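Quick note, the sequences are listed as chains A and B, same order. To convert, note that position 52 of the first sequence is 52 in the UniProt record's numbering; the numbers rise steadily by one, no gaps. To convert, note that position 42 of the second sequence is 42 in the UniProt record's numbering; the numbers rise steadily by one, no gaps.
It should be emphasised that the hints constitute simulated quantities derived from the structure, not laboratory data. Given the structure is predicted, the values throughout are model-derived calculations rather than measurements. Check the hints yourself; a few may be wrong.
With a straight-line cut-off of 25 Å between C-alpha atoms, the simulated PhoX-like cross-links for lysine-lysine are [claimed, not checked]:
id, chain 1, residue 1, chain 2, residue 2
1, A, K166, B, K84
2, B, K34, A, K87
3, A, K166, B, K111
4, B, K47, B, K133
5, B, K106, A, K162
6, B, K111, A, K87
7, A, K161, B, K34
8, A, K26, B, K84
9, B, K47, A, K8
10, B, K84, A, K162
11, B, K34, A, K166
12, B, K34, A, K162
Output of the computed footprint for chain B on chain A, the stretches with three or more beta carbons under 8 Å from beta carbons of chain B [stated by the list, open to error]:
id, stretch
13, 124-136
14, 140-146
Where is the CB? At the ideal position from N, CA and C, for every residue including glycine.
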Amino acid sequence: MAHFNLRKAEPKDVPDILRLIKELAKYEEMEDQVILTEKDLLEDGFGNHPFYHCVVADVSREHQKVEGYSVIGFAMYYFTYDPWIGKLLYLEDFYVMKEYRGFGIGSEILKILSDTAVKNRCSSMHFIVAESNKASIDFYKRRGASDLSLQEGWRLFRIDKKNLLKMSAEE
Amino acid sequence: MDFTIRAATLEDCKDISRMILELAEYEKVSDQVKITQRDLEQDGFSKNPFFHGIIAEVPEHLKSREGHTKVGYSLYFYTYSSWKGRAVYMEDLYVMPEFRGKGIGKALMSKVSQLGLAAGCTQLNFTVLDWNKSSLDFYLKQGCWDVTSDLGYHCMRCEGDALENLAQGDL
Numbered sequence: 001m002a003h004f005n006l007r008k009a010e011p012k013d014v015p016d017i018l019r020l021i022k023e024l025a026k027y028e029e030m031e032d033q034v035i036l037t038e039k040d041l042l043e044d045g046f047g048n049h050p051f052y053h054c055v056v057a058d059v060s061r062e063h064q065k066v067e068g069y070s071v072i073g074f075a076m077y078y079f080t081y082d083p084w085i086g087k088l089l090y091l092e093d094f095y096v097m098k099e100y101r102g103f104g105i106g107s108e109i110l111k112i113l114s115d116t117a118v119k120n121r122c123s124s125m126h127f128i129v130a131e132s133n134k135a136s137i138d139f140y141k142r143r144g145a146s147d148l149s150l151q152e153g154w155r156l157f158r159i160d161k162k163n164l165l166k167m168s169a170e171e
Numbered sequence: 001m002d003f004t005i006r007a008a009t010l011e012d013c014k015d016i017s018r019m020i021l022e023l024a025e026y027e028k029v030s031d032q033v034k035i036t037q038r039d040l041e042q043d044g045f046s047k048n049p050f051f052h053g054i055i056a057e058v059p060e061h062l063k064s065r066e067g068h069t070k071v072g073y074s075l076y077f078y079t080y081s082s083w084k085g086r087a088v089y090m091e092d093l094y095v096m097p098e099f100r101g102k103g104i105g106k107a108l109m110s111k112v113s114q115l116g117l118a119a120g121c122t123q124l125n126f127t128v129l130d131w132n133k134s135s136l137d138f139y140l141k142q143g144c145w146d147v148t149s150d151l152g153y154h155c156m157r158c159e160g161d162a163l164e165n166l167a168q169g170d171l
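Only chain A is shown next, with the shape it has when bound in the complex:
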């Protein structure tokens, strides 16, 4: 199936982006964790200082497998920094609807992202994967990704808002 188009997301895509974010969260069994709204996505992605960038995959009406949806895949990314090697591209979300998998759409999206990384002089693309997600881990390892948590012992830590407020109030 060659009838899909990959393009930069526009403000009008925000409802579809949120729909796909929730579908991906459901796939990861974390659907109730998504508190982001369309308003947040619009302000944070299409204002003066975007916090993220998005590419979307869309199909024309006659090739739709699922009634009413033309945007059927997306990737959300932003630029980060490693003080040892410089700029990096961080892949936050990457998803293609179930009905459209196996047609090379995911590979094409990754190709655009890595091309974006190279063009912006990023030395690397980073992302996280849940260790239980064997299918995704295999997909990435086949493409040369390495697991930093296993190989180098990196653990991701987080502080949530409640403790952030506590910490910021300390003298």
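Start from chain A and add chain B according to the hints.
Chain B alone, transformed into the frame defined by chain A:
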């Protein structure tokens, strides 16, 4: 101990570069540092910075054995969670060994938290090496939790030839 925490300026890049190397030596990987003082100046202090910095400074009479008054730093940048929205990522946190145990590390982290909250962030993320017991203990005491351990998230990387191949579309 008498110290101040303030935003880093272009002039601080010399000391930030020095301390980046010190931190890399502490993590036993100083040969991996490719970024120069000039790169830091360009990437952190131009119109679209890729990172922000804060510095811990002591008065002249408390300077280090080698004569440094800039004794700690943190590098951070803004990221995005597709579930929760704006987030802040603390890339580096470092205090010179002779100035530890005096609340400087905590004050630097508190400042990053304040800045993150002011920018509308609801979480602070960072990575720690699994052998770094003193850092792991420090962070757990501040109310952080280990996402890798609790949710099984692994940090992945695609770089060098793998990134180039992905951009070319080769498998």
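Cross-check of the supplied hints:
With a CA separation close to 19 Å, the supplied pair A:K166 and B:K84 stays within the 25 Å bound. A hinted pair counts as satisfied when its Cα atoms are at most 25 Å apart, and B:K34 with A:K87 qualifies at roughly 12 Å. Note on A:K166 and B:K111: the hinted pairing holds, with a Cα-Cα distance of about 12 Å set against a maximum of 25 Å. Proximity of B:K47 to B:K133 is assessed by CA-CA distance (about 38 Å); at most 25 Å being required, the pair is judged violated.
For the hint pairing B:K106 with A:K162, the CA-to-CA distance comes to about 17 Å; that is within 25 Å, so the pair holds. For the given pair, B:K111 sits about 24 Å from A:K87 by alpha-carbon distance, which is consistent with the 25 Å threshold. For a cut-off of 25 Å, the pair hint linking A:K161 to B:K34 is broken: about 34 Å separates their Cα positions. For the hint linking A:K26 to B:K84, the alpha-carbon distance of about 15 Å falls within 25 Å, and the restraint holds.
For the proposed pair B:K47 and A:K8, the alpha carbon gap of about 23 Å is at most 25 Å, so the pair holds. Taken as a hint, the B:K84 and A:K162 pair is honoured in the structure, with Cα atoms around 14 Å apart against an allowance of 25 Å. With a C-alpha separation of about 36 Å, the suggested pairing of B:K34 with A:K166 is violated against the 25 Å cut-off. Note on B:K34 and A:K162: the hinted pairing is violated, with a Cα-Cα distance of about 37 Å set against a maximum of 25 Å.
Residue count for the stretch 124-136 of chain A with a Cβ under 8 Å from a Cβ of chain B: 9. That meets the three needed, and the coverage hint holds. A stretch counts as covered by a chain when three or more of its residues have a beta carbon under 8 Å from one of that chain; for the stretch 140-146 of chain A and chain B the count is 6, and the coverage holds.
Hints 4, 7, 11 and 12 from the list above are not met by this structure, while the remaining hints are.
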